[in-house]
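S.K.: Whenever a hint applies, use it, and build me the whole structure from the sequences.
Protein chains in written order, with my numbering: chain A, 1 to 177; chain B, 1 to 204.
Please note that the accuracy of each hint is not assured.
[What the hints assert, rightly or not] Calculated Cβ distances over 10 angstroms to all of chain B for the following chain A residues:
hint	residue
1	Q16
2	E24
3	D37
4	Q52
5	R79
[Stated by the list, open to error] List time: in silico DSS-like cross-link candidates among lysine-lysine, alpha-carbon distance up to 27 angstroms:
hint	chain 1	residue 1	chain 2	residue 2
6	A	K58	A	K82
7	B	K66	A	K164
8	A	K49	A	K63
9	A	K8	A	K58
10	A	K8	A	K63
11	A	K139	B	K66
[As the list claims (entries may be wrong)] Distance windows between CB atoms, simulated:
hint	chain 1	residue 1	chain 2	residue 2	range
12	A	E111	B	A50	22 to 28 angstroms
13	A	E111	B	L115	48 to 54 angstroms
14	B	A50	A	A76	21 to 27 angstroms
15	A	Q146	B	A105	41 to 47 angstroms
16	A	D171	B	L110	51 to 57 angstroms
The set of hints was computed from the structure by calculation and includes no laboratory data.
Glycine residues also receive a C-beta, built at the ideal position from the N, C-alpha and C atoms.
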Amino acid sequence: MTTGNDGKLDPEIVHQLFETYAMELRAFLTGLLRDHDVVDEVFQLTFSKALQSGGHSKEETRKGWLFRVAYHEAMALMRRNKIHRKSLNNLCHTTNVYWTEAPDRRLLEHENSEQIRLALNNLPESQQAVVIARIYQNKTFNEIAQEFGLPLGTVLTRMRLAIKTLSRQLDNPADDH
Amino acid sequence: MLDSSNNSSPYSSPANISDNLDWFAFQYLSNELSEQESLDFEELLAQNQAAREALATAVQLIAGLKSIEPTPALNSQPAATIPAAFKPRTILSSRTQQGALISCAVAVLLVTSFLLTESSFRGTTNSQTVQTEPSQDDLKHLLDLWSKSAEESSFTVSLSSAPEQTDLEQTDLMDQQNVMAENHALEIPDWLFTAVSLPEESVN
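M.R.: Structure follows, in structure tokens:
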């Protein structure tokens, strides 16, 4: 039995959902909320909701349902707590807390780090240089363009291609280059 | 800053969305979108599971990039492609490590030599304290008292062990024992040692 008449989802299924999607869901919420305490709160609310009303979701779209619930819970919490976008942006942009704090191990598996390292090494040199300048040196794209003597559009294109390659490698580690 | 050739919202075209979700997610995450563009992307997140997954991937990607040290392969890139500010940092880090090692070694040597010097100096100063602080007269007086008391105590032992004693002798013995008791009562108390050993300045 996966669901009851009241829409509750079997705890065993919720446990499986947790095992399968917890890391990705936490990463998604971190991207939205950028505060680990708030992420934890929404994360728990989401799985509580899965227990209470996950039975209404279809099995084949359950991942999407879980992420949608998490999204709405996050937005509702931001509205309730009057967390403004500006404050999120300030936190990230001016103090760079989000990127420079120790990487959250819950968001990342060791294998992922290795995949990213390999993928970064395999990028064309021109793209590597832009990634290094942007990610490790925290330079703006304008600064990078000026430093390399390139048009801004070229720098952005290199970064976009690099992000696309790295993301694909992270999503599908078995992909060959 | 969406780097899009279209003048309208980049999310208006499904093909553009699917091709560039990773890029949009990265820009959203790194606050490179305008406020309106961010709101547009959040609307997309409400509807599009691929966009939500792209955002999760972008977070993991950036966390992963931040967690790895640039590899030697990256450091050995030609100067034209690796920013100049990046290479000296890696060179400096190895120099810094060497400097730290040398500093540690020097510090250990300094501490060791200081401890050795201090322990030998402490030994010298201790003996000097015993020899110099009390006055010579006081010490001689104390030694005399101790030697007398030792002689009397051995004399008492020999008297008490004698088998034949007259009344007079016993009376004398009692007197002597009283004297002995007084002598024992005159044992040098600790405070007297303290008083004797006080430096002259504090006594005055």
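S.K.: Hint by hint, which ones does the structure fall short of?
M.R.: Going through the list in order, the structure violates hints 2 and 6 and respects the others.
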